[in-house]
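> Take a look at the letters that make up each chain.
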Amino acid sequence: MDYVTDRWQQILFASWQHFSLVVQCLLLATVIAVGLAMVSYRSERLSNLANSFTAIGLTIPSFAMIGLLIAPLGFGVLPAVVVVTFYAVLPILRNAVVGLNSVPGGVVESARGIGMSRMATFFRVELPMAWPVILTGMRVSAQMVMGIAAIAAFVLGPGLGGFIFSGLSRLGGANSLASVITGIVAVIVVATILDALLILLGRLTTSRGLRV
Amino acid sequence: MSQLDTEKTPTEAASKTDTGLEVDRGGRASLLLYPVILLAILGALFAWLYTRDLSDTEMVTLTPGELWSMTLEHLYLTAIATVVVLVIAIPLGILLTRPPMRRFTTPVTALVNFGQAAPAVGLIVVFAFWMGFGPTAAIVALVVYAVLPVLRNTMAGLDAVDQSLVEAGRGMGMSAAAVLWRVELPLAVPLILAGVRTALVLVVGTATLGTFINAGGLGLLITSGVNLSLPRVLITGSVLVAVLALAVDWLGRVVEHIARPRGL
Amino acid sequence: MSESTTAPTEPGRITGVPILLDGVTKRYGSKSAPAVDHLTLEIPAGSTVMFVGPSGCGKTTTMKMINRLIEPTEGSIVIDGEDVTTMNGDDLRRRMGYVIQAGGLFPHMTVAANIGLVPKMLGWDKQRIAERVDELLELVSLDPDSYRDRYPKQLSGGQQQRVGVARALAADPPVLLMDEPFGAVDPITRQRLQDEMISIQNELRKTIVIVTHDIDEAVKLGDWVVVFDEGARIQQYDSPERILAEPANDFVSDFVGSGAGLKALGLTRVNEMPILDAVVVTPEDSPTTAVQKAEAAGHGHVVVLDRARRPIAWPSVAQLRRATALPTRYEPDLPIVGMGATLEDALDTMLVSRAGAALVVGPRGRFEGVVDIDTVMQSLRDNRGAADTGRSPVGTNDAEARIEVAPDTGEITLITPDQVGTGRGRYDDGAAEPSRSDADEGSDSTALPQTSGERP
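Residue numbers (the UniProt record's numbering), protein chains in the order written: chain A, 1 to 212; chain B, 1 to 264; chain C, 1 to 456.
Bear in mind the hints are in silico, worked out from the structure with no lab data behind them.
It is possible that part of the hints are untrue.
[Stated by the list, open to error] Partner residues are not named here, just some residues of chain A that face chain C (Cβ under 7 angstroms, in silico): (1) Ile114; (2) Ser117; (3) Ser207; (4) Leu210.
[To be verified] Away from chain A, derived, C-beta distances all over 10 angstroms, residues of chain C: (5) Glu138; (6) Pro152; (7) Arg192; (8) Glu246; (9) Gly266; (10) Ala297; (11) Gly300; (12) Ala323; (13) Asp348; (14) Arg364.
[Claimed, not checked] Cβ-Cβ distance ranges computed for the label pairs, FRET-style: (15) B/Leu33 <-> A/Asp6: 53 to 61 angstroms; (16) B/Pro99 <-> A/Phe53: 41 to 49 angstroms; (17) A/Ile199 <-> C/Glu230: 25 to 33 angstroms.
Every value quoted in this text rests on a predicted model; they were computed, and no experiment measured them.
Quick reminder that beta carbons are idealized off the backbone N, C-alpha and C, glycines included.
Whenever a hint applies, use it, and build me the whole structure from the sequences.
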């Protein structure tokens, strides 16, 4: 406990870094994933392609992906951002395709039938209706990339992973275990806070008509 | 971790993927095509590797024998951890779906969820502090990390069995155990297998982190590639891990394809 | 609504516009048989035209080409004299109402938002939209205060369908397209919605195209019914009465099915028939006076009315001779029918009554007169007669057919190379139509005057 109270500022700062990295990547990933889904959901072939991409992406270990990215990108924030965003895209993309495809055909047809343009139909009808499913994808992504962001500390990315790796490198030294446990617990706490925020976001942005 | 597979999504609309029933995605043809592509990637990797002038250290690390033994270590970690996961999670899943044990469902799943919320790299390190560095700690950490998908899918698979079939079985005079073995488990097989495949992929990927606690495996190539600035070693390690994970996933799909009870 | 309806309520001004499909073809892939084959079809302003046919016959495709949800491969679509085949499809659709099965409401929007969507897209101000929403909710019999802010999932199927109709009518479009609109509700709700649709249309007089597979619905709602076969080939385009009475060919009679004659009874209402006078007395009169009145009029029965002119009893002259006073208690089993009842209902009532007739009552149960079986039969015969003189709108699948529109009247003329028997929206399989000789319309012209939708 002394360990935590002594380094309170440092832990808060790293937690904030971790949180901010994940949130920014998550937002970027959402934009990318919805964009990709928008391009692919209307064609069965492209939808299948998107699903295969998601499945394969999720199969590739994140540590391997980090390794592959170091070669062209070097160390630092950039590979961390790329790898976290990459994995964050996958569940959101999958859910976005599923969500957009599960908007009933009749609803889309009547949107077109009353004269809404393709774009208006997408942004005012299909996207709002798929939104809860997309948001669930974001929650899955958020939890998943919390851990990946911790691994990304290996390439000197920012965040809480540093506590785990520094504890590891000072093996047996004073406070090394405390450092690791602080890292783990802080990641879980940050993940829980972000999940709560996303649930709140869902409450605020999901039409009541979809919840009743 | 990256490998949280389809089973992770508790969405209503994504329920098809949620239950892992997208097993047959791409169909038989892609199941056959898949290993060909993986072999082609491996071939390209080695062709690229051995047409370059390698430094001495690289020569030592990247001999076929060395790579093979690291792959075996990796598979060893994966296999042991997966078997332990199955031995724990499937019986636990069955137990927790029996009516008298229902009240434990919530606390147990919460505990297991918590295990997966912790960052994998942290779990591995903590267990190493506790149990000493080496494969044992890595295996324990992997098990803690991978129990969730198998447990959840086992329970989901059993819960999804039509209750009227269970009643029909009991009505014919089958014992509760007989209904479990002859009706419920066979019907739950596809979901359970999907959970097993997810766990396998999760374990293969996470085992890469075992290198941090001297547990061996292909992760060593990545860490030494980074630490010693040997990009070729780094890339070889990364590609091998990725190919191994994809191969294991493929194997899982093949098993699911074969083991699925006819008529489902 | 139907052709023979000399509407009891004041019919509204026609707000619909005429639609013309001119040689419209839809082909999916160049080799396959066309889904819609050279269809030329006139849809008169202010009338309700029903597209019926087996599934896959192209009726839905045809309807969706009117608002260009499906683009025609060939041919043009003319609405109110304007060729809309090349205009912006979204703009076109904003000018038309569109209703699909179960309403197609947007679940994430309130009822008011759903209805107000098109006005909003058209740039109406908030106040005007809100007023319009309330007005429409009242039109479809939903209380604005309790339904405005609900979400679609909080409504029953019938209510959703009503909101769907309200949404389609929001910007007061002259044309309303409905795709199986009442297909997803239970039979009782369906009947109620159909009745409401009839009264809404009596008020609004839009041009309405409804796709249905239910012939009963078609004859109930339609001014005109098109029976399609595969490729949207017109088998018959006629009034409901004629579709039932004189199916053009075996396909149509099979589709109409058995009991066509009985279905026809459901088309006509009591108030459309001549209602007979009766001898009426009050309970204060003596039986002798009643008998004298009846004999003077040559009637066998008298109707006893209370002060509000509601029927109390309907004794025969023989009963009156035995009676010492006229009945004052309301007889429970009187054969009474309302003015709005169908002939089917009326006939049912008559068959169980001793007199072989029924008493007709108007608003507040006031006695209006008597109908008997002879009147009903005569009316059916008249209907057949009427069927022979009405004129159908133009409809053909003849690829060679050409349309001419008179510039002054907008009257549509069909020019076909083969002048005999093709110009009439019927698909004759060789045989001449029994009921209509070509002489009826001028022997060497297939020119068809635009329908008036009224009986001469």
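> A separate judgement is required for each hint: does it hold in the structure or not?
Hint by hint, here is what the structure shows:
no. : hint                                      : in the structure
1   : Ile114                                    : holds (5 angstroms)
2   : Ser117                                    : holds (5 angstroms)
3   : Ser207                                    : holds (3 angstroms)
4   : Leu210                                    : holds (5 angstroms)
5   : Glu138                                    : holds (21 angstroms)
6   : Pro152                                    : violated (6 angstroms)
7   : Arg192                                    : holds (22 angstroms)
8   : Glu246                                    : holds (35 angstroms)
9   : Gly266                                    : holds (30 angstroms)
10  : Ala297                                    : holds (60 angstroms)
11  : Gly300                                    : holds (59 angstroms)
12  : Ala323                                    : holds (65 angstroms)
13  : Asp348                                    : holds (38 angstroms)
14  : Arg364                                    : holds (42 angstroms)
15  : B/Leu33 <-> A/Asp6: 53 to 61 angstroms    : holds (57 angstroms)
16  : B/Pro99 <-> A/Phe53: 41 to 49 angstroms   : holds (42 angstroms)
17  : A/Ile199 <-> C/Glu230: 25 to 33 angstroms : violated (53 angstroms)
Against the hints set out earlier in the document, violations occur for numbers 6, 17.
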